[in-house]
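Okay, here's what each chain looks like letter by letter:
There are 4 protein chains.
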Amino acid sequence: MATANNRVKIGILGASGYTGAELVRLLARHPAAEITALTADRQAGQPLGAVFPHLAHVGLPDLVRIEEADLADTDVVFCGLPHGTTQKVIGDLLEARPQQKVIDLSADFRLRDLDSFAEWYGHEHWAPALQGEAVYGLTEVYREPVSKARLVANPGCYTTTTELALLPLVEAGAISTEDIIIDAKSGVSGAGRAEKQANLHSEVSEGVHAYGVGRHRHAAEIEQELSVAAGKPVTVCFTPHLMPMNRGILATCYVRLAHDAGVEDLRACLAGRYGDEPFVHVAAAGVSPSTRQVRGSNHCVIGVFADRLPGRAIVLSVTDNLVKGASGQAIQNMNVMLGLAETTGLEQEALFP
Amino acid sequence: MATANNRVKIGILGASGYTGAELVRLLARHPAAEITALTADRQAGQPLGAVFPHLAHVGLPDLVRIEEADLADTDVVFCGLPHGTTQKVIGDLLEARPQQKVIDLSADFRLRDLDSFAEWYGHEHWAPALQGEAVYGLTEVYREPVSKARLVANPGCYTTTTELALLPLVEAGAISTEDIIIDAKSGVSGAGRAEKQANLHSEVSEGVHAYGVGRHRHAAEIEQELSVAAGKPVTVCFTPHLMPMNRGILATCYVRLAHDAGVEDLRACLAGRYGDEPFVHVAAAGVSPSTRQVRGSNHCVIGVFADRLPGRAIVLSVTDNLVKGASGQAIQNMNVMLGLAETTGLEQEALFP
Amino acid sequence: MATANNRVKIGILGASGYTGAELVRLLARHPAAEITALTADRQAGQPLGAVFPHLAHVGLPDLVRIEEADLADTDVVFCGLPHGTTQKVIGDLLEARPQQKVIDLSADFRLRDLDSFAEWYGHEHWAPALQGEAVYGLTEVYREPVSKARLVANPGCYTTTTELALLPLVEAGAISTEDIIIDAKSGVSGAGRAEKQANLHSEVSEGVHAYGVGRHRHAAEIEQELSVAAGKPVTVCFTPHLMPMNRGILATCYVRLAHDAGVEDLRACLAGRYGDEPFVHVAAAGVSPSTRQVRGSNHCVIGVFADRLPGRAIVLSVTDNLVKGASGQAIQNMNVMLGLAETTGLEQEALFP
Amino acid sequence: MATANNRVKIGILGASGYTGAELVRLLARHPAAEITALTADRQAGQPLGAVFPHLAHVGLPDLVRIEEADLADTDVVFCGLPHGTTQKVIGDLLEARPQQKVIDLSADFRLRDLDSFAEWYGHEHWAPALQGEAVYGLTEVYREPVSKARLVANPGCYTTTTELALLPLVEAGAISTEDIIIDAKSGVSGAGRAEKQANLHSEVSEGVHAYGVGRHRHAAEIEQELSVAAGKPVTVCFTPHLMPMNRGILATCYVRLAHDAGVEDLRACLAGRYGDEPFVHVAAAGVSPSTRQVRGSNHCVIGVFADRLPGRAIVLSVTDNLVKGASGQAIQNMNVMLGLAETTGLEQEALFP
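First to last, the protein sequences are chains A, B, C and D.
The first sequence lines up with residues 16 to 368 when you count with this note's numbering.
The second sequence lines up with residues 16 to 368 when you count with this note's numbering.
The third sequence lines up with residues 16 to 368 when you count with this note's numbering.
The fourth sequence lines up with residues 16 to 368 when you count with this note's numbering.
Hints may contain errors.
Derived DSS-like pairs (lysine-lysine); straight-line CA-CA distance at most 27 angstroms [said to hold, decoys possible]:
hint	chain 1	residue 1	chain 2	residue 2
1	C	247	C	103
2	B	24	B	103
3	D	247	B	211
4	A	103	A	24
5	C	211	A	211
6	C	103	C	24
Covered, in the sense of this in silico footprint (three residues per stretch, anywhere, with C-beta under 8 angstroms from a C-beta of chain A), are these stretches of chain D [to be verified]:
hint	stretch
7	40–47
8	58–71
9	299–312
10	353–365
Everything labelled a hint here was simulated from the structure, so no lab data went into it.
Beta carbons are placed, not taken as given, at the ideal position from N, Cα and C, and that holds for glycine.
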């Protein structure tokens with residue numbers, strides 16, 4: 016599994032997007048990893064530094080087209096392709112190289128139910144057999160199956176942030192599953208590097224708005240996992256908002272307490288659940304977590320507050336959408352899959368200010 | 016009431032803050048107004064242009080200390096002093112000049128219940144008799160009493176944005192009053208120009224967080240007005256968040272529909288209520304309002320969406336916190352008090368990008 | 016020239032860009048203007064409010080394709096089309112309607128020398144005869160010819176900002192023309208609303224860089240005007256930088272004093288030149304102008320400082336690139352062309368913060 | 016020199032500022048360092064995580080007052096106190112513990128000439144004897160004396176960025192020293208975390224301006240080093256501008272070529288000088304460096320362009336003001352002083368976007 020220099024060989028498909036760049040940034044300092052293949056169709060032939068100047072000083076192979084990539088020696092392939100294109104690519108890849116470990120950062124393998132996938136993504140699943148073996152890569156929850164997986168479906172950024180806050184509470188029966196309301200705020204890097212008018216600086220800065228109200232795809236993913244935790248179908252209100260910033264997600268979750276629970280019970284439940292986790296932290300009472308405190312890091316911080324409305328509570332959760340919400344968690348999953356220490360390459364503190 | 020040049024004479028107490036500057040910006044182009052006095056204790060003796068260079072080209076009196084201001088001829092005094100200092104100042108002012116019309120932008124006269132004021136603001140009311148005559152200046156709701164008022168308590172920025180969205184729905188019985196959840200997002204200018212570490216650029220940009228969770232003072236104001244509309248006590252969940260931007264408020268309101276109401280009923284209720292209003296608009300179905308579209312203007316735009324949670328809806332409302340949320344609405348109230356056309360001086364379109 | 020309602024009829028070609036929207040914002044409150052035609056090819060058939068929600072409440076004709084626009088009754092046509100497409104459009108327009116007054120916001124008619132145009136813009140001039148009559152619309156300098164013009168070439172944003180600062184000094188012989196160095200900083204709205212990766216929020220915010228170093232097209236325009244003022248060819252160093260903001264240009268000009276001139280002479284020269292101008296102002300000694308003080312306004316503010324290098328000075332000039340640098344100055348030119356008071360519709364103060 | 020666990024013991028005086036936090040962020044992952052003392056007068060008694068939540072998960076001693084700090088065992092003390100307070104503190108420190116290695120991030124020991132210090136900083140030097148032994152810590156230039164120093168004066172952020180670009184060119188005689196013009200742009204974190212109105216988000220975002228025009232203290236430092244390189248007194252024009260961003264400095268340097276030099280000579284000179292340096296890079300011809308590409312990293316990137324003005328060139332240099340411009344270079348100096356590999360703890364890539 017390791018190379019002559021004792022490092023794991025890594026291929027990154029779709030390296031010209033922000034999640035691709037973030038994988039490179041983090042893997043460049045990962046002591047057990049070596050990037051051996053980078054693909055990007057439109058920029059094929061260029062060094063990555065031409066596309067991402069901040070990575071110009073990392074020793075890397077040039078970008079190639081995906082069909083030209085030599086993946087024969089790679090131990091792990093990260094797939095950062097757009098939604099909808101990934102099922103076929105990974106299908107072909109695993110047919111050609113069945114031993115390949117694959118971590119997919121797209122949404123293509125996140126929904127276990129094929130009908131649900133078709134409903135939310137507008138086309139039938141193109142690799143239904145593979146879906147059956149894909150493991151949902153919320154590391155703190157699925158660590159054991161991830162360790163044995165060949166194909167990991169890395170969770171979405173909104174969903175990671177929300178699920179880390181709510182899954183233990185639902186599982187413990189500490190909150191009602193009837194009317195969970197998630198008001199989420201995200202920086203614009205989650206929308207990727209594609210050329211869209213809506214993501215221009217002039218259109219994003221100095222203002223906020225909600226989008227996908229009542230119909231954002233991450234709702235399906237959140238509901239899938241909350242339903243597992245609850246042991247019954249759960250529907251949520253999930254409303255994402257675009258923030259005038261690049262990185263960071265804050266999920267403000269409005270929940271109803273189970274009839275015998277108090278706010279301190281929620282905090283205790285979360286603190287107990289995450290006490291040994293290196294990347295998930297529960298803020299002290301009265302402390303409101305900020306996305307600034309996790310910018311660039313793989314940490315998630317969760318705060319719990321009493322609501323003025325009797326019997327309700329507010330749970331706040333923050334991550335960096337490109338790290339714990341994408342590339343950082345993907346590397347965390349890789350570490351688990353390879354039996355490495357889970358924090359390897361992910362120990363960086365947040366960058367503030 | 017008018018001057019030799021047929022203009023209303025205006026005094027502004029506390030002109031060195033952002034709401035003071037915004038009053039000057041708008042009144043400078045008000046065809047019926049003339050600013051005759053500006054006070055600011057620490058900057059007394061200076062022209063306003065030394066404090067706010069963007070206003071350097073407006074012909075204005077110099078800043079003076081409040082006790083040196085000659086208010087004898089002023090028809091209307093706007094009071095933009097910090098919370099807690101205003102009750103005494105206005106008390107003295109109205110004792111000396113009982114005919115003076117006063118519009119207060121602080122929170123000092125917004126809560127009708129003296130005990131509630133003491134509870135939320137930490138000290139007893141220092142002008143309880145005046146409180147009795149103060150009119151809450153949400154213009155679209157209190158137009159008639161504002162027209163006859165001597166003392167108007169201009170609403171807060173969060174509260175204006177929220178109340179315009181929710182009051183008609185509560186009044187019409189279209190939504191439940193049991194669990195109204197308001198997730199509000201504001202630019203930092205609402206925090207004023209005072210020197211606070213928390214408001215430095217390095218501390219505000221590129222991140223978001225909630226503050227005052229479960230205990231922000233604007234909850235009291237919102238509950239006061241919703242209770243009037245409902246005819247019974249209403250408690251709300253109100254959670255403000257600081258946005259990395261200067262201007263704008265978005266209130267995302269999560270509400271439960273009355274058992275016989277649908278989302279279209281909410282939109283119809285709001286559209287009917289505001290059909291003739293020049294400053295409040297209901298967005299078309301599917302359109303999510305953005306704070307960018309009201310930046311610098313006195314407009315409020317409200318959108319209504321179905322929730323995935325059955326029986327619930329999401330109501331989104333945007334304003335510019337310094338205009339409709341403060342100085343613009345104050346001038347709107349002045350226009351009503353003086354019998355001027357209500358839109359006078361407030362017709363500017365928003366500035367975008 | 017005026018309509019039944021005594022208003023000038025206005026057509027705007029290319030209304031879906033930022034300069035188009037800015038024309039609408041300003042003309043909406045212009046007491047003598049009425050917008051009767053708006054064109055935008057890709058958005059034809061939509062109301063402008065669908066493209067620019069902040070203008071949804073202005074009564075306006077729907078967008079049409081340029082060939083469908085009824086310009087028969089328009090008194091003034093503003094042309095906000097991309098560079099390179101405008102020469103033919105205006106050529107056809109003036110052939111069909113020779114009395115039409117046209118104000119072009121593109122660069123297509125700014126360079127008087129046809130060879131220079133071909134060199135900088137990569138193709139021959141497609142309306143060379145028209146170029147001969149086009150008047151360069153730097154209002155404060157060309158007011159008289161503008162008043163008689165049929166076709167006005169509105170100056171660029173960088174050039175307006177720089178030329179207002181330097182032209183009087185060169186004309187007066189107060190500075191050397193040998194090594195004028197202009198370090199310019201602009202917000203991103205100057206790059207327009209087109210979908211470009213380089214203008215995404217993630218690519219623009221939290222960073223600065225220079226672009227077009229040594230070869231930006233506005234250098235040609237600046238040199239053209241400085242050469243006229245000097246009575247001899249002038250070459251300049253002009254280096255634009257992209258700022259992480261939307262609006263505003265600051266030109267920091269490093270100049271060598273004529274051997275008998277001092278810094279105070281420069282300030283006196285500028286103050287004398289602009290003493291009666293409503294939109295150009297000279298800052299007091301020691302005051303450094305900020306783009307914030309002109310955001311959204313048609314003002315230009317110029318400051319003059321002594322340099323540590325003996326015999327040199329620093330001249331700083333700020334404008335809003337979309338107002339004095341584009342649409343505001345275009346309206347100023349319209350006012351001059353129509354014999355209206357020059358400030359009509361342009362009296363708004365800047366929006367701060 | 017090392018502790019039982021084989022790590023160097025580190026004390027940080029003034030840990031509650033941004034440079035202090037940045038030292039902690041970087042040292043937390045430094046394999047040979049251990050932070051054993053942190054001081055901050057106003058926050059004494061608190062954990063650093065209460066002041067900087069992004070550092071809450073680093074194992075650290077609590078903040079103490081400077082006089083209570085136990086520095087007996089520390090190998091290296093970093094001093095991040097405000098300018099003017101440091102000379103006495105370090106004087107006392109080195110009197111008590113003459114073997115202590117000290118790296119000062121303030122300006123107190125940067126100017127070798129005591130008269131120059133008094134002129135620029137407004138008071139006489141309070142530790143003139145120590146000044147004589149202080150080594151100016153521009154690592155790439157003073158590596159040898161730094162390796163033997165007891166007291167290193169870490170350079171300023173503007174000066175580091177500028178000097179790395181210009182010192183080799185001056186030393187090689189490739190550019191004239193007669194009229195060097197430096198137009199510098201900095202993020203606001205360079206101004207620190209103190210509560211100042213000028214640094215509020217509302218005052219900094221969405222605008223730019225120059226400050227300290229003709230009289231910024233970093234000019235003295237730049238001139239000191241350029242004079243050494245030139246072997247004669249050099250005066251420069253240095254004009255800093257405040258950018259609406261947190262991190263990053265861009266120095267745009269306008270220089271006159273020596274009569275026999277071309278632009279390629281400048282690039283070759285710099286490339287030769289920095290070919291073996293791990294942190295200083297010369298961009299390819301035509302590539303304009305951006306502060307985004309060094310955000311959070313210890314890198315400096317320099318670009319060279321021909322000017323339109325014959326015989327002149329433009330040299331662009333970027334750093335992160337808190338890393339290579341402050342705390343990163345301080346750690347680089349520490350590594351040199353201790354004989355560690357110079358890049359230890361500083362290998363992180365930049366964070367983008």
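Hint check results:
no., hint, result
1, C:247 / C:103, "32 angstroms, violated"
2, B:24 / B:103, "23 angstroms, holds"
3, D:247 / B:211, "46 angstroms, violated"
4, A:103 / A:24, "23 angstroms, holds"
5, C:211 / A:211, "7 angstroms, holds"
6, C:103 / C:24, "23 angstroms, holds"
7, 40–47, "holds (count 3)"
8, 58–71, "holds (count 5)"
9, 299–312, "holds (count 9)"
10, 353–365, "holds (count 4)"
Hint compliance for this structure: hints 1 and 3 are broken, all remaining hints hold.
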